[in-house]
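Participant: Here is how the chains run, residue by residue.
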Amino acid sequence: MNTTTLPTAPRTTAPAARAARAMRRLGPGWFLVSPSVALLLLWMLVPLAMTVYFSTIRYNLLYPGDNDFVGFENFYYFLTDAGFVPGMLNTLLLVGSVLLISVVLGVLIAALLEAAEFPGRGLVRVLLISPFFIMPTVSALIWKNLLFHPVSGILAALWKFFGARPIDWLAEYPLLSVIIIVSWQWLPFAILILMTAMQSLDQEQKEAARLDGAGPLAIFWHLTLPHLARPIAVVVMIETIFLLSVFAEIFTTTSGGPGYASTNLAYLIYNQALLQFDVGMASAGGLIAVVIANIAAIVLVRMLGKNLTEKY
Amino acid sequence: MLTLKQSRRLTTVLTGTLSWALALLLFFPILWMLLTSFKTELEAFATPPQFVFTPTLENYLHIQDRSGYFKYAWNSVFIAFGATALGMLIAVPAAYSMAFFETRRTKGTLLWMLSTKMLPPVGVLVPIYLLAKQFGLLDTRTVLIVIYTLINLPIMVWMIYTYFRDIPRDILEAARMDGASTLQEIVQVLLPIARGGLASTVLLSVILCWNEAFWSLNLTSSNAAPLSALIASYSSPEGLFWAKLSAVSTLACAPILIFGWISQKQLVRGLSFGAVK
Amino acid sequence: MAELKIRNLTKGFDGLEIIKGIDLDIRDREFVVFVGPSGCGKSTLLRLIAGLEDVSGGQIELDGRDITDLPPAARDLAMVFQTYALYPHMSVRRNLSFALELARADKQEIARKVEDAARILELGPLLERKPRQLSGGQRQRVAIGRAIVRNPRIFLFDEPLSNLDAALRVQMRLELARLHQELKATMIYVTHDQVEAMTLADKVVVLNGGRIEQVGSPMTLYHSPANMFVAAFIGTPRMGFLKGRVGAVNADGCAVEVDAGCRLVLPLGGAALAVGDPVTLGIRPEHLNRSETGPCLMEVTADVSERLGSDTYCHVRTDSGEPLTVRIRGDFSPRYGERLRLSLDVDHCHLFDRDGQAIGQPLQQVA
Chain A
1 MNTTTLPTAP RTTAPAARAA RAMRRLGPGW FLVSPSVALL LLWMLVPLAM TVYFSTIRYN
61 LLYPGDNDFV GFENFYYFLT DAGFVPGMLN TLLLVGSVLL ISVVLGVLIA ALLEAAEFPG
121 RGLVRVLLIS PFFIMPTVSA LIWKNLLFHP VSGILAALWK FFGARPIDWL AEYPLLSVII
181 IVSWQWLPFA ILILMTAMQS LDQEQKEAAR LDGAGPLAIF WHLTLPHLAR PIAVVVMIET
241 IFLLSVFAEI FTTTSGGPGY ASTNLAYLIY NQALLQFDVG MASAGGLIAV VIANIAAIVL
301 VRMLGKNLTE KY
Chain B
1 MLTLKQSRRL TTVLTGTLSW ALALLLFFPI LWMLLTSFKT ELEAFATPPQ FVFTPTLENY
61 LHIQDRSGYF KYAWNSVFIA FGATALGMLI AVPAAYSMAF FETRRTKGTL LWMLSTKMLP
121 PVGVLVPIYL LAKQFGLLDT RTVLIVIYTL INLPIMVWMI YTYFRDIPRD ILEAARMDGA
181 STLQEIVQVL LPIARGGLAS TVLLSVILCW NEAFWSLNLT SSNAAPLSAL IASYSSPEGL
241 FWAKLSAVST LACAPILIFG WISQKQLVRG LSFGAVK
Chain C
1 MAELKIRNLT KGFDGLEIIK GIDLDIRDRE FVVFVGPSGC GKSTLLRLIA GLEDVSGGQI
61 ELDGRDITDL PPAARDLAMV FQTYALYPHM SVRRNLSFAL ELARADKQEI ARKVEDAARI
121 LELGPLLERK PRQLSGGQRQ RVAIGRAIVR NPRIFLFDEP LSNLDAALRV QMRLELARLH
181 QELKATMIYV THDQVEAMTL ADKVVVLNGG RIEQVGSPMT LYHSPANMFV AAFIGTPRMG
241 FLKGRVGAVN ADGCAVEVDA GCRLVLPLGG AALAVGDPVT LGIRPEHLNR SETGPCLMEV
301 TADVSERLGS DTYCHVRTDS GEPLTVRIRG DFSPRYGERL RLSLDVDHCH LFDRDGQAIG
361 QPLQQVA
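Residue numbers (this note's numbering), protein chains in the order written: chain A, 1 to 312; chain B, 1 to 277; chain C, 1 to 367.
Keep in mind that a hint or two might mislead.
[What the hints assert, rightly or not] Below 30 Å or equal to it, Euclidean Cα-Cα: the simulated DSSO-like pairs (lysine-lysine) are:
hint, chain 1, residue 1, chain 2, residue 2
1, C, Lys20, C, Lys5
2, A, Lys206, B, Lys5
3, B, Lys5, B, Lys107
4, B, Lys133, B, Lys71
5, C, Lys5, C, Lys130
6, B, Lys265, A, Lys206
7, C, Lys203, C, Lys20
8, C, Lys184, C, Lys107
9, C, Lys5, B, Lys265
[To be verified] So these bits of chain C aren't anywhere near chain B, every CB distance computed over 10 Å:
hint, residue
10, Gly57
11, Ala73
12, Arg129
13, Gln133
14, Ser135
15, Glu175
16, Phe241
17, Arg290
18, Leu308
19, Gly309
20, Arg329
21, Ile359
Treat the hints as calculated values from the structure; they're not laboratory data.
Here a beta-carbon is modelled for each residue, glycine too, at the ideal position from N, C-alpha and C.
Please build the complete structure, drawing on both the sequences and the hints.
Facilitator: What follows is the structure, encoded as structure tokens:
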């Protein structure tokens, strides 16, 4: 028996006990969350502050010591740089078209896979999502050398087979080529998410709709699509985050060229900083990229943030 | 007019055919890479492309002396698992307290963490590069481990948080009644119950670290370069080593591809921040 | 020994008061049941005693020791959760021994206590299984076993039977009653099911809106409810209520004019009532009889009836539109819409004032 007798405690709560209670009420929460929060804060604030500072001074690694305050000059030079307008347009085109391709095709392919139970469906699913797990440098180089190559690429062989002149994809359609590569990587992500989401669609709801006389198209339009609204939003959000800073695919295929034909903001800034060593201008560009990402983030988090946390 | 049974069979045949065609189309580049890796350099560059050839293991057998493959592979493994271990160490306590000691700030904190993912890497490329240079961390595995930990931390916290949320509070309270300290509660009760979810979090983090190419390309050159950077070095126009490239790429991608296939269902949850299960 | 004293206990969440000042004494070896509708604060009160929630004010004392601010493990209490809360990754044996291992008890002692608990609960053959391989009833027994091995001063049960099917619930109820006798333990048991409260408790605590409505033995609550809430909550089918007015008051009792159309004299002495006061008359289904004669006759219209075989519960509506339930012999069932005459058993009528508080007590009481 556990019958240790303890002295009778005073009836009033001692201040120490009250403090202990207050601590307990606070929970271990603050203590356990703070490493994550502190690190992420540091990760966000320190480099960002440095970027802000660099963007207002003259700072070129080739001319050390000449670090005068120049105000908004770097921004002026970045915005009037020959690469800015094409870089901006290419970024928007890249993000927009990859989003469109992956969401539209993703919904259709996911719906196709859910339409019927056919032999090998599991394997088909595995094959469809595979490109997502291929590292960006690998996929860029496979496309560049094995598929897009104007002499011995698969596409060239296909064109020749039909009697057409093979296309030098990366030279003639550089941006389209990059879009194809990036879409190939991100369409599987959309398929993966949407397929899983579709499996959670209530079967009874579908059956009830079928009893009410709804055909497959009506079911898709009135039940499946609304059910997918949230996962589609998730796909759009995640892909936007990654697509705004596509880099390796351009770095390894076109190097942004020819000219600025396939340069996006990320590549342009890299080019300024690490190829032309103009830290000041690259920082100004970086800040502009941050602003653009934040506009997208505000819109997306507004759209989704509630959805994400409210489910619980 | 088709009978119900006939029309159902027709749907199955049509969907099956179309799905298989699409799957093979999307998978073709990977398949082609695999095939090319068993060719000689000459065959790899042949016009028209050869589908039938005598496979050779040449490219794999000489992978080490031709590219120093294992140094890069070791870097990849070291960085991916180092960043994942460090990330788990920081993310698990945070997810624990957010899942089980929710306060008014919890949701805001979670969303804020998510929003740090919105910060484009190029926005901080210059200062990170200069800081790394300043501290002599350029081309070290340390710098990539630190950065990968930080960029994956929000995803890890979110993912673990959603797994913890599925665990009934009662079980933890029972442990508390049984006399477990907070540490015992986490180590002896929570972690074993959530091990499935934790394993898929580890997998996702490893996959993301392994494939990352922005920071590895910009911060490493020869010493600490992981596989993603090694492969990028093949983009130089001098010399066409496609068969060799394919072999290196196949080896670099195979483990991640297999990880991805195994854990696809759980990854959805992590990649969608718990919005899709 | 286990005596629990609760003094002026309060608990608020985000400015919302859940527990509004509770005083309660629980004696050694008592089986106390907290009962009330959902949201009444009964589970919160239990969790405050367990230490799983922190109090906002007041004091909890166990055997003269202030435990208000002690962490759960230091209180020497054990709890059985509604969801059982078994550790899914541990075998039954480890589920039982976990608390003792944490307390660094001696290995042989742990083994002995686990064997003891397994014997009491007939868990012997299941010791090496994982919780997911057990049925609902077996899981329940493991959860109880986990409490038993700790030999706590007080057992706390949070709606332990609500996840079981009806047959198993009855069986487990009996087992719990037997366990209470065998272990000679103090138990606090939370339920929303008043049948569990009535059958298990030595003392029932009826809670509503964060306050105690009444504390007493099951029979006290049944026969002398302190207010309309307790009267309606305890007993199935529930007590019927008829609105009325005080007609006359004298030394023998008071006359009540019921809106439904009868007048009756209740033997309630000493009540502070004035002629004309609005009152509510409460009457249980078994104290209404189908009868042509009697001191208080009332004509009603039959609604639907529920035939249970032994009895028929006939739902009727008075001419003033108030619903009543009548228990009659099992072989009788009135047609829907049939007119019936009922007599009220004057000795078992309850009278409530306009605030719902009981006035006096019926003279006839079952001890």
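Participant: So, for every hint listed, does it hold in this structure?
Facilitator: The hints, checked one at a time:
| no. | hint | verdict |
| --- | --- | --- |
| 1 | C:Lys20 x C:Lys5 | holds (16 Å) |
| 2 | A:Lys206 x B:Lys5 | holds (19 Å) |
| 3 | B:Lys5 x B:Lys107 | violated (51 Å) |
| 4 | B:Lys133 x B:Lys71 | holds (23 Å) |
| 5 | C:Lys5 x C:Lys130 | violated (38 Å) |
| 6 | B:Lys265 x A:Lys206 | holds (23 Å) |
| 7 | C:Lys203 x C:Lys20 | holds (21 Å) |
| 8 | C:Lys184 x C:Lys107 | holds (26 Å) |
| 9 | C:Lys5 x B:Lys265 | violated (52 Å) |
| 10 | Gly57 | holds (21 Å) |
| 11 | Ala73 | violated (4 Å) |
| 12 | Arg129 | holds (17 Å) |
| 13 | Gln133 | holds (16 Å) |
| 14 | Ser135 | holds (19 Å) |
| 15 | Glu175 | holds (20 Å) |
| 16 | Phe241 | holds (38 Å) |
| 17 | Arg290 | holds (49 Å) |
| 18 | Leu308 | holds (36 Å) |
| 19 | Gly309 | holds (40 Å) |
| 20 | Arg329 | holds (46 Å) |
| 21 | Ile359 | holds (44 Å) |
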